[in-house]
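One point on numbering: in full-length UniProt numbering, the residue at position 88 of the sequence shown is 88, and numbering is uninterrupted.
Since the hints were made in silico from the structure, they are not lab data. Only a predicted model underlies this, so the values are computations on that prediction, with no experimental measurement involved. Among the clues, some could well be false.
The following label-pair restraints were derived from C-beta to C-beta distances [claimed, not checked]:
| hint | residue 1 | residue 2 | range |
| --- | --- | --- | --- |
| 1 | Glu94 | Glu4 | 52 to 58 Å |
| 2 | Arg88 | Asp134 | 21 to 27 Å |
| 3 | Thr118 | Thr27 | 34 to 40 Å |
| 4 | Thr163 | Gly47 | 36 to 42 Å |
| 5 | Thr233 | Thr27 | 28 to 34 Å |
C-beta: ideal position from N, C-alpha, C; glycine also.
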Amino acid sequence: MTAEERQHRILALARHEGRVEVSAAATDFGVAPETIRRDLREMEHRGLVRRTHGGAYPVESAGFETSLARRESQNVADKRRIAAAAVRLLGDAETVFVDEGYTPQLLTSMLPSDRKLTIVTASLATAAAVAESDDITVLLLGGRVRGRTLASVGSWATEMLSTFVIDLAFLGANGISREFGLTTPDPAVAAVKSQAIRSSRRRVFLGFHSKFGANSFCRFAGIADFETIVTDTGLSAAEAHRYSLLGPQVLRV
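Let the hints inform the model, and build the full structure from the sequences given.
Take a look at the structure:
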């Protein structure tokens, strides 16, 4: 098997499982762990994966995006901590935009039940999670529903969102970097997120550490557009400080 063939299979494995482990891949392919590490270094250089201790995560791109079902099975404990820390930033907000994605969906389930809130979202899953609450009014953006994420996109969604003035927006991304800001694979998704940025007074980013340093196809915001970034301790303190120099407070939980 050539290095190119092996790297192609490693990438397929990473995308199917959500992560690839160096030791397991070395055993599966019958090569030394250092060979897999070299493969992962080359794949990271090409923007296909993001290396972590002992393995790598696939980087989402214009041609590849993880499904919502896959996201719901990965790093759930970390995502719950991130969501819990983010919801404490609610302050006196009465109108809240909640982005598509599993971590924002978790945040929605943690919103206080003793106050009136209006939630604006493009996510069917998020809307369903709080629709029965007596104290939460849910406004679901219209448009075409994307099968992988169960979220609406298109001109109906962006035009509806443009008519609102939102106190606080909780947003995610497929990638976040100091060079390119926040990115996502689909231009239609980027358009909804961009409008959420324009329509909101305050913005909080929440996301797992593997998203940092990764870049996808469509840029929708800069780091300085956010007052706070919430992630897990997988992002080093030094790297968190570098992001904070661009404007936002960075919380590692």
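Task: Hints the structure fails to honour - done: Hint check: 3 fails alone, others pass.
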